[in-house]
Structures are given as structure tokens and as C-alpha cells.
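Generate coordinates for the entire structure from the input sequences, incorporating the hints supplied.
Per my numbering, the very first residue in the sequence shown carries number 4; after that it's consecutive.
The hints are simulated quantities; they were obtained by calculation from the structure and are not laboratory data.
This one's a predicted model, so the numbers in the text were calculated from it and none came from an experiment.
Among the clues, some could well be false.
To be verified - With a cut-off of at most 27 Å between alpha-carbon atoms, the simulated BS3-like pairs for lysine-lysine come out as follows: (1) 492 x 405; (2) 402 x 390; (3) 200 x 148.
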Amino acid sequence: MKARQQTQLRGVLFLSLALGMMACEPREEIAPQNAPAQAPASPTPESPTAPIIVREPGAMPTDASVLAQGSGIQITMADFEGAMRRSLLFAPEREDGGRYHEVPPERLATSHVQITATQGLVAREIVRAEAARRSIRCETFEAHKLLVSHPQLARFAPLLEAPESFESAALLAELAELALDAEDLRELACEELLTTKLEASLLAGITDEELWAAYRQARDTVDLVMVTMTNTPASSELDSFLEQDAVRENSLIEAHYNANLEHFVMPRAVRLTMLKAPAGQSGAELTEKLQQAANRLSSGEAPQAAASGLGLVLETGSVLLAAENPRAYGAQVGDTGFEAEGARGFYAWQVEGFREPEPLALTRPLRREIAADLLRGQGIVASARAKLEPALSAMRAVKADKHATLSNEQVERLREEIAAQGLTLVRSGPFGFSQQGYLPGVGLAQEAVTAAFSLTAENPTLGEPVLARDRVFAFRLAARDQPSRDGFKQELADFRESFIASRRTQIVGDFVSSRQAEAGVEINTLPLRIKYGVLKKQ
4 MKARQQTQLR GVLFLSLALG MMACEPREEI APQNAPAQAP ASPTPESPTA PIIVREPGAM
64 PTDASVLAQG SGIQITMADF EGAMRRSLLF APEREDGGRY HEVPPERLAT SHVQITATQG
124 LVAREIVRAE AARRSIRCET FEAHKLLVSH PQLARFAPLL EAPESFESAA LLAELAELAL
184 DAEDLRELAC EELLTTKLEA SLLAGITDEE LWAAYRQARD TVDLVMVTMT NTPASSELDS
244 FLEQDAVREN SLIEAHYNAN LEHFVMPRAV RLTMLKAPAG QSGAELTEKL QQAANRLSSG
304 EAPQAAASGL GLVLETGSVL LAAENPRAYG AQVGDTGFEA EGARGFYAWQ VEGFREPEPL
364 ALTRPLRREI AADLLRGQGI VASARAKLEP ALSAMRAVKA DKHATLSNEQ VERLREEIAA
424 QGLTLVRSGP FGFSQQGYLP GVGLAQEAVT AAFSLTAENP TLGEPVLARD RVFAFRLAAR
484 DQPSRDGFKQ ELADFRESFI ASRRTQIVGD FVSSRQAEAG VEINTLPLRI KYGVLKKQ
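Okay, here's the thing in C-alpha cells:
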């Protein structure tokens with residue numbers, strides 16, 4: 004996400020460059036974009052890969068149609084189309100006759116282009132607003148300097164240096180072909196300049212406390228000894244829950260069942276007569292035999308006769324789900340076919356009928372399944388907690404040094420003691436904190452990782468088990484390496500330099516993402532899909 008946001012943020016400048024390059028590709032003549040929506044054209048033998056563009060129905064959008072909106076932010080069709088026109092300036096060459104290429108319709112109909120361009124315009128508005136708030140300006144001489152250094156825009160630099168010159172008049176005439184003027188060139192340059200200046204301002208605003216937090220996180224590691232198990236209720240817990248639920252005035256199980264009927268439905272399935280290949284048969288000869296069997300069933304021959312005549316095994320009333328035989332599932336009663344691969348083996352088939360979806364009966368096994376879900380939903384189940392409490396007690400009993408570090412001998416003795424309880428002790432090895440909550444040997448377990456980094460030399464063991472992603476954890480520190488303020492002060496200058504270097508490519512993107520979330524920006528590409536359509540895969 005951050006990398007994508009940063010790409011958008013090098014202004015619509017780079018977005019325009021990308022679209023401009025697209026515009027240079029040869030293409031066939033197309034209908035005007037304001038033309039009425041038409042049915043998608045089918046590829047012809049001469050052009051088997053011709054793009055298929057489908058326009059969504061709806062009133063043709065206007066310049067004021069909104070593509071993105073949030074608190075203090077609004078992007079319209081006029082903004083989008085202005086960016087598209089500016090993108091054509093980046094074409095490496097113009098068409099024969101001196102006219103600019105157009106952006107190919109299949110590019111404008113690509114969902115990724117529609118979304119990315121709109122997001123880029125949102126980012127531009129956020130950068131502009133924050134630059135204004137910080138009194139960051141884009142001076143004309145700075146914009147001119149940037150244009151001079153740009154390989155594709157340098158020829159337009161005279162517009163900002165000598166706007167009244169004869170050369171500028173010719174350039175203005177060229178821009179007029181795209182309904183652009185000198186201010187559009189200045190805006191393109193200023194988008195990049197404001198982004199660069201905002202980046203510098205944000206980096207300069209990083210405080211020593213922010214650096215200390217980053218330094219501490221980068222160098223703070225924990226090493227755990229832990230026991231973990233799934234949060235699965237014991238059979239006795241399920242029995243007890245069912246007994247209590249049976250005498251409740253309002254059954255929790257039945258309430259859950261009725262509130263989630265869509266999850267307790269026997270899915271629609273197809274019922275087949277199958278002529279199956281005997282075990283061990285395969286190859287082209289069998290495929291031909293199955294084709295013959297399907298043809299004989301289609302002609303009305305009795306399944307038993309067809310099976311006997313071809314040496315196949317008859318099976319009637321077989322029920323298959325959609326994934327097991329999509330063709331049969333989508334067929335009509337009486338239709339035939341054959342399968343030469345798949346989980347059900349090789350067989351010819353004829354559709355007998357269908358089993359329509361129906362609710363599952365609330366049997367005792369289903370009640371137990373629901374009871375397990377309800378118990379897990381309440382947190383750590385009692386049986387898991389009871390199994391892990393002795394392990395935590397054993398961990399607390401181990402006396403570590405003042406840094407909460409356990410020796411290898413202590414870890415092995417603890418492992419043996421916990422093994423006697425029927426549990427397995429594992430050691431994580433040193434790891435650092437991550438927002439995602441990665442725990443070595445386990446995977447993502449955010450709650451467990453957060454709890455691990457709350458442990459200290461004074462309190463090295465969990466007070467109670469922790470639940471994360473339907474797994475229950477009991478652990479204590481085997482070691483913890485925490486950085487000191489003194490060490491931080493000694494390394495501050497070097498760490499600041501390296502930290503700023505690492506944040507340079509992300510800080511504006513992070514800022515924009517944060518502001519976009521605060522503003523509640525919502526993207527709506529429907530006007531683009533109505534006007535430009537959506538590119539469909541062949």
C-alpha cells in the first residue's frame with residue numbers, strides 16, 4: 004500500500020508520464036467517447052485480440068460529476084480529464100502531421116488506470132492543502148528550473164521564462180490543441196515541487212522522541228519459551244453446554260442457528276446416473292469409451308444396457324456439488340457428458356435431477372458444532388485455560404537473572420517439567436516487534452506479540468493465557484534485549500541519518516494515507532465506467 008501510494012505521489016507528473024507513454028501505442032480509430040453506449044464488439048478472425056469495452060448504463064457524466072469526495076476534498080470528471088490531457092505532453096513523439104496521440108480507449112477503460120488516476124488526484128489535493136497550511140510555495144522560477152531539467156517538458160520552459168516571446172506563442176498554440184495553457188505546465192511542475200518540499204518539511208519535523216521510539220523498536224527483542232494449543236472446547240464442555248442450553252428459556256444454540264441460517268444450508272447439488280470406469284483403466288481408449296457411453300445415454304438407451312455393453316460400472320443417484328462437476332451442475336435434466344479427470348474418477352453421466360438447497364436439520368452433532376463456536380466466541384475455553392495454568396505456574400517458578408534471562412539448563416529443565424504435564428515447550432528465538440504481530444514458529448499472532456513485549460525483568464511471565472487467532476498461548480521471557488537511552492544518545496546522529504533515509508520514500512505516502520482516512524475519502528469510478536467503459540478479458 005505504501006509503495007503504491009508513494010508512486011501516486013510523485014504528482015500526477017509520473018502518472019501523466021505513464022499515460023502519455025500509453026498514448027503512443029498504435030491503435031485503430033475509435034468512436035467518440037461521448038457516443039452512446041454500444042454492445043461490446045466480438046473479436047474478428049483478423050483481430051482476435053481486439054479489446055472488448057463495455058460501458059455501464061447511466062446518464063452521461065458532466066464535468067462536475069464527482070469521482071472522489073471527503074472532508075475538504077473533491078475530485079471531478081473535469082479534474083480527471085484535465086490530467087488525461089496533460090498526460091499527452093509526455094508522449095515521446097507526436098503523430099504524423101503534428102497532432103498528438105490520444106490515450107487509447109482500452110487504457111481509459113482499464114479499472115486500474117481509472118482507480119489509480121483518481122487516487123493520484125486525491126493525493127495531489129492533499130499535498131496542495133498541506134503545503135498551503137505550512138506556507139510552502141512554488142515559485143515560478145523554481146517551476147521553470149524543473150521544466151528545463153525535464154527531458155520531455157524542457158521545450159515548454161520558455162512559457163514560464165518569456166511568456167510574450169514568439170517561441171512561447173508557438174508553444175501556446177501547440178498546447179491549445181489539448182485545451183491546455185501555460186498554467187497547466189506550471190501546475191505540472193508545482194505538483195512535483197510541492198511534494199518534494201512537503202517531504203523535506205515532514206522529515207525535518209521528526210523529533211528526538213520519534214527517533215527514540217523507532218530506535219527502541221528496531222533494537223528491542225524478546226526470546227520466549229512458550230506452550231500453545233488451539234482454543235477447542237473439550238467434549239465434556241460441549242456436553243455441559245448442551246445440557247444447560249436445553250433448559251434455557253431461550254436456547255442460545257437455536258438463536259444462533261436461526262440468525263445464521265445461510266451458514267447451515269445443504270447446498271444445491273446435481274444428481275447423476277454415472278457409468279464409471281473400472282479401477283486401473285485410463286488413456287485414450289477409455290476416453291473414447293466414455294464418449295460412446297454418453298452418446299448411448301443421450302440416444303435413450305437404458306443405463307444398465309449401456310454399462311454392460313461397454314464394460315462400465317453403473318451407479319445411480321450420485322449427488323455431486325458444483326465444484327465436483329461444473330458442466331453437469333449447469334446442465335438440464337436428461338443432458339449427458341463424460342469426465343476424463345477429477346476427484347470422482349472417469350465416468351460418463353446423465354442428469355437425473357437436482358437437490359435444491361435446504362436447511363440442515365438441527366441435529367445433536369450440529370448443536371455441538373454451534374456450541375463450540377459459541378464457547379470460542381466467549382474467549383479462552385475453560386479446558387484450554389486449565390491445561391495451560393500449570394505450565395504458567397512452572398514458568399513463574401523459574402528464577403532468572405536480573406535481566407530475566409534463562410540459561411539453557413533452565414530451559415531444558417522447564418521443558419521436561421512441562422512435558423510431564425502432557426504439553427510441549429518451544430522456544431521462539433529472538434524477534435522484534437511488528438505491527439502485523441509476527442511470532443516465529445507460529446505466524447501472525449498480534450495479541451500474543453503485544454503481550455510478549457509488555458513483559459519485563461520484574462514481570463517476565465504472563466499473568467494468564469493469551470488468545471490470538473483461535474490459539475491460546477502461555478509463555479515467559481527467556482531473554483530480552485532492550486536498548487538504553489545512553490546508547491541511543493551516542494548513536495543519535497547516525498541513527499537520524501539512516502532513519503530519515505529509510506523514511507524518505509514513505510513519509511509523504513504515509514501522511515497522505517493518514518489524511519485520506521481522516522477525511523473519509525470515498526472513490527466512485529461509476530462516471531468513468533459510464534463514459535469510458537470497462538475493459539473485459541477475452
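Consistency of the hints with the structure:
1. 492 x 405: holds, 24 Å
2. 402 x 390: It holds: about 22 Å lies between the C-alpha atoms, which stays within 27 Å.
3. 200 x 148: holds, 15 Å
Hint compliance for this structure: no hint is broken.
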